[in-house]
Amino acid sequence: MAELDPTIHICDDWIHIGLPDRKMVPAVQTTLTAGEQWTEIVPGLDSIAVQFDPALISPDDAAESLRDRLAGKPPKLKYSENIVVIPVCYEDNLAPDMKYVAEKLGIPPVSVPSWHTAQTHRVAMLGFMPGFAYLESSEEIADIGRLASPRQLVKAGSIGIIGRQSCIYSFDSPGGWPIIGRTPLRLFDPAKPRPALLSAGDTVRFESISRHAFDRLQQGQQQQ
Amino acid sequence: MEILNAGLQTTLQGAPFTGHRHLGMPAAGAADCLSLALANFLVGKPQGAVAVEIALTKAAFGFRAPCSIGVVGPAEYIRINGQDRPRHETLTLAAGDTLDIGPGRPGCRTYLALSADLEADSLLGGQSTYLAAGLGGFHGRALRDGDIIPLSRPALPQNVAGSTPSGLRPHYSDDHVLRITPGPEAGKASDEILKNLCLRAYSVGARASRMGIALEGALLRRGQSSDMPSAAVFPGTIQLPPSGQPYLLGPDAQTTGGYPRIAQVIRADRHLIGQLGPGSRIQFVETTTERATDIYREKLALLSSWLGQIKLW
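Residue numbers (my numbering), protein chains in the order written: chain A, 403 to 626; chain B, 861 to 1173.
Source of the hints: derived by calculation from the structure; they are not laboratory data.
Note that the structure is a prediction, hence the values are computed from the model and not measured.
Cβ atoms here follow ideal geometry from the backbone N, Cα and C, with glycine treated the same way.
Some clues are possibly wrong.
Examples of chain B residues toward chain A, derived with CB under 10 Å [claimed, not checked]:
| no. | residue |
| --- | --- |
| 1 | 882 |
| 2 | 982 |
| 3 | 1040 |
| 4 | 1092 |
| 5 | 1115 |
| 6 | 1117 |
Chain A stretches covered by chain B per the calculated footprint, using a threshold of three residues with CB under 8 Å from any CB of chain B [unchecked claim]:
| no. | segment |
| --- | --- |
| 7 | 411–421 |
| 8 | 529–535 |
Listed next, the stretches of chain A that the computed footprint assigns to chain B, with coverage defined by at least 3 CB atoms under 8 Å from CB atoms of chain B [said to hold, decoys possible]:
| no. | segment |
| --- | --- |
| 9 | 444–455 |
| 10 | 570–578 |
| 11 | 589–598 |
Based on the sequences and whatever the hints tell you, model everything.
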């Protein structure tokens, strides 16, 4: 088991906790959630930041209590057992960069869906927009790279891939990741008790659906 | 309340969203929380109550019911039915009155607080507008000419403040001093990079929004590669993209980023980011986290003599 030994850096009213192993992020996040003085606990890819109110606790005291909390017990490198299956339509205008990605991968476009659904992904973190998920594939994948010029509009639910890292857009927004499909699921619904569909550490599997099923599911989402 | 002239970017803003950054939900909320608190106090509202944030240009509003208002910010003028009225005072409007608010120069954002409650979309415990995702506020967007915002509880408030003490009225200017502490990626070269950041004033370029501000001035160079694994950022974080042009994050900034975080504007000064407009100049000054906490607590103590217990964000 790797030593936890985090790097701690105080920035005014938040503290950066650098971790020696990315796999520690979810476990450390869980450890910290139990504390009550943090107004935000934000995971990054290999770090976590906590924010506090400096009127209530001084930065040094905050850092001290953080060290206490993290001392002694290297967290278990355990991922959440939450497995989320995400239906994706890989067809036509829902997958505008299918050809580009297939070419980079060296496989025919028609094979990309089965190639993609065979992988397991882990949610590395959320960011960019509410519910926007950064995923990491279980497979080694050649570098695909971003589009030469970003799109002004990427539709919500679009699946972007730049190699081992992929993402799911949660809102209509600009974006530069090549798009190979779209899910009808809503990634962020503030009215729900758990507004984000995915959390850091979750396991994600994709499931190919037809355009007809996509339209039906999307209608169902809107009626909720 | 009818929007007669929405101006460049007028949104409903109050307290920020908190506790949801791990889901990718930014703070949003008033860019200048101090001016918001002062305006709300004039109409007997809590500091984070949702109000109208008017950026840069003039705006006009029509009232269909009587209402008290407080206007705080750099607006050049306040006129009720064409008559000049003072900032920082509780003003009373009758049904049918028109309110004109002048452009916010020097500075950027003016806050219009109302005694009545503005109807706004609620989510995650807040009502502020987050423009990029179209959430909160008035249908998640900036106000447009002709919009009508329903007001509830329109009764005129009792025992309201009257007038902000002169010593607590913010001085709106195009020259700002923002104090910073070193960021996690200021790194070993921090002395050099922060010294250069603090050497000469930067100015606010054309790329300025509630999300962030591209700073124009001396380019900063780092020895190491400028790529890093994405990590948390906050309003007031200064990032250093490969261009070498520092980028100061605002209230709508995304929650994580992949550029080195070289500095953090201290909480006590962060409300000033809301008053940075095109052409504003910023002198950064490095301080320590201990000193930053003292400054913050001193500022709160000063403000509490008028506003009661508040916090800045």
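Hints versus structure:
no., hint, result
1, 882, "holds, 5 Å"
2, 982, "holds, 9 Å"
3, 1040, "holds, 8 Å"
4, 1092, "holds, 3 Å"
5, 1115, "holds, 5 Å"
6, 1117, "holds, 8 Å"
7, 411–421, "holds (count 8)"
8, 529–535, "holds (count 6)"
9, 444–455, "holds (count 10)"
10, 570–578, "holds (count 3)"
11, 589–598, "holds (count 5)"
In the structure shown, no violation is registered for any of the earlier numbered hints.
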